[in-house]
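Asks: Residues per chain are reported as follows:
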Amino acid sequence: MSTLEFTGTTVRYGHGAGAHVAVDGVDLTVASGGVHGLVGESGSGKSTLAAAAVGLVRPVAGTIRLDGADIAGSSAAARTARRRVQLVFQDPYAALDPRMPVGVSIAEAMRATGRRLSRADRQRRVEELLGLVHLDPKRAGDLPSAFSGGQCQRVTIARALAAEPDVVIADEITSALDVSVQGVVLNLLRELRAELDLTVLFISHNLAVVRYVCDTVSVMRHGRIVESGETESVLSAPAHPYTRELLAAVPVMGEPFDGEEAL
Amino acid sequence: MRSGLPRGLRGPQGVVTVLGAFALLLVIVLAPYVWGDAATATSVADRVQGPSAAHPFGTDDLGRDVLARVLIAARLSVLLALGATAVAVSGGIVLGVVATVLPCPLRRLVSAFIDILLSFPWLLLALFFSVIWGATASGAMLAVGFAGVPSIARLTYTLASSVTGRDFVRAARIVGVGPAGVILRHVIPNIAPPMLVNTAAYASTALLSFAGLSFLGLGVQAPGFDWGRLLREGIARIYVNPMAALGPGIAIVLTGLILNAIGSLTGESASKTPLRPRASKARARAGAGDPEVLVEVEDLRVSFPDRQGRLVERVRGVSLTIRPGETVGIVGASGSGKSVTAMAVAGLLGPEAAIDATRLSFQGIDMTAAPRAADRRRLGLELAVVFQDPLTSLNPSLTVGRQLTEVSRTHDGVPRAAARHRARDVLASVGIARPERRARQYPHELSGGMRQRAMIGMGLMGRPRLVIADEPTTALDVTVQRQVLRVLRDARRRTGSAILFISHDIALVSGFCDRVLVMKDGQIVEEVAAARLDEARHPYTRALVACVPHMGTDRTRPLPVIDESGGVAEEARA
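Just so you know, the protein sequences line up as chains A and B, in that order. Using UniProt numbering, read the first sequence as starting at 1 and increasing by one per residue. Using UniProt numbering, read the second sequence as starting at 1 and increasing by one per residue.
It is possible that part of the hints are untrue.
[As the list claims (entries may be wrong)] Simulated restraints, written as ranges between beta carbons of each label pair:
1) B/L216 / A/H15: 47 to 53 Å
2) B/G325 / A/E255: 20 to 26 Å
3) B/E436 / A/E260: 24 to 30 Å
4) B/A370 / A/V252: 41 to 47 Å
5) B/R108 / A/T10: 21 to 27 Å
6) A/G141 / B/A41: 58 to 64 Å
7) B/S397 / A/T10: 32 to 38 Å
8) A/G141 / B/H444: 38 to 44 Å
Read the hints as simulated data drawn from the structure, not as lab findings. Glycine included, each C-beta is placed from N, C-alpha and C at the ideal position.
I would like the entire structure built from these sequences, with the hints used as guidance.
Replies: Here it is, written out as structure tokens:
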């Protein structure tokens, strides 16, 4: 059981007149064992919501709970609890320290488990995790620059898994990758979810990818959730005009471009 | 072999630096033993002599050999300079790094404190500290050291802040690495190379500062002597014996140069192979090209030097033609050479690229050579390029309107008012509301989609015959992508311009283009009409089509992926 629950979550950047409400009273539940999609344009607040869940920003109102326990607060208990939520970033090269061998980056994430492992145990675990994401365990000593973009993204997934999370938030994890590499990462995510019984919050602006990966989906705009439901029903019968607009914008193979109402 | 040092040591600069550093070290260690007697032995008979074979720099007023004194002073001068550097760098790093991890209000306070200290000239600070610690060598060392703390702290703070904002530091924080861990594991290793360069640069500044303080009588006191003190003694007799003053001066300059050279060797800048411009050539055949053809590329090969300086061919024999008004797409994975091909057509490859082609022409203009003035004007008006990230391809310090009018004013000689009027019309035509207001804004004040449309507008200021769009929508949302494509298409309809559209998204290309060229490993593997992509024969094209999830993809099966041979790996892992 690991349900991630946002209730009335509000995140504001800045103070006074220059303040900007990035997330505005969001209610969202990521059900245990499910993959929940979060779609919307850049600036809609989806990444901010993710950042709030892992403690990178502090909500000004509302709560974020994991299995009922608060993870948004500043208490030691909340800090420990929120390490069970891990984030995979969009740009794999930016997300890995360029001067740190990938094995060390992965080992660093093991601190989140709170267990102290011996050097040999850490080594063994790093190799195991690299194998899990289909990378050669012997490459643990290589720097990120020795890996391709898709391989780096698999390293960051291995790092997130090293923290033994209950919930993984994937923030646009394929949008910096080639279409040809995207499939590899999506297949991996799918495989890991089945193997490790993960709960996933999958953030993307690509509806075709969201449809393929997610069981349920929420559409976000201007910091608010405008539509939520089963992926199939939301995408086949969108209720909100914005969802319809998003759907119309997905390029379809072989279908001539029609941008009549785009502007 | 990961450190920059061994690589930097190769080459003439490295050899000279090592020899210089070695000689300096030798002098510092051995000079007192070798020349100690000559430097301290007073001889009234030999006092205040000019340069001679026995005393190349002459003698001082007690008859001591000046050259010997200069060599012996090396130890004190360099050690004091290094001591001051150590004080400045350690103080600066501690202050700068601590400031970056403090909570926000405290961080602002410390940062403001550093800025205030920075506004005092270092000499003033040094004099201030000299007053506190007195005019002694160690007092001067602390003074020069503390005077350097603000600038090093500022630099550290700036560098460290840029690291702490990166995703990998966020990732470390998420797994529970504390501020101290972030500093030690991520910040310090990533700011070390530029800090090393600056440390060496500061060492040579400290050397000079010290010489200055001693020269003013605030540093080393008699009977001790460093180069500054020797300079002070020598300057009084500069018309009698110039070498007595020039000698220590030369020593200061040489040592400063060695310290700086060491710095640039340890820095990352030294590890890059210098790029040599390479001659590009077209094996052009006589006779003008087909007038019905806008772009003609035949057997284009482009190579770039790798880290070891060896040429690596990135585009390997590409041939393509674009006719007026056509929309041609190039798809392929990153590194397939699609952007390099497009930039070669635009004549925008840097001097490090070696271009070789039987023909590479746009409207009959040979793009392998530097264009003549008339051709340059035509290119400016008739060839437009739209890049992936308009935030980096638009000039951040000029208003959008100014950048648009520049095209007409530079290449077309249009008067300012007319150009401004046209810019407004063009901005309106790319769907930008309130164009007068937007024209007065800077690129960062526009949204990503608006910037990209302004970039397209810039191309429309001329009379475009070809618009090269290199991944123009990759950084944008799907809804914004549609707006940008709509603007591109409308522009083509209005001007009759051809479009060369580069993308890795085959679905997008299939809907937008007439013809699609599929590139892999620097070669075009297939050319196919966009409407007939489903009939593509080449396994790589079929794989590209198959691996993109679409709104009808079977959710119960893994996605097909492209295997090493370039085909579809059927049922990769069941």
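Asks: Decide, hint by hint, whether the structure agrees.
Replies: The hints, checked one at a time:
One distance hint, 47 to 53 Å for the beta-carbon pair B/L216 and A/H15, holds here, with the actual separation near 49 Å. Between B/G325 and A/E255 the CB atoms are about 22 Å apart, so this pair conforms to the stated range of 20 to 26 Å. Between B/E436 and A/E260 the Cβ separation comes to about 27 Å, which falls inside the hinted range of 24 to 30 Å. B/A370 and A/V252 have their C-beta atoms about 44 Å apart, which keeps the hinted 41 to 47 Å range intact.
Between B/R108 and A/T10 the beta carbon distance is about 25 Å. The supplied range of 21 to 27 Å therefore holds. Between A/G141 and B/A41 the beta carbon distance is about 60 Å. The supplied range of 58 to 64 Å therefore holds. At about 36 Å, the CB distance of B/S397 to A/T10 agrees with the hint of 32 to 38 Å. Distance hint check: the CB atoms of A/G141 and B/H444 are about 41 Å apart, consistent with the given range 38 to 44 Å.
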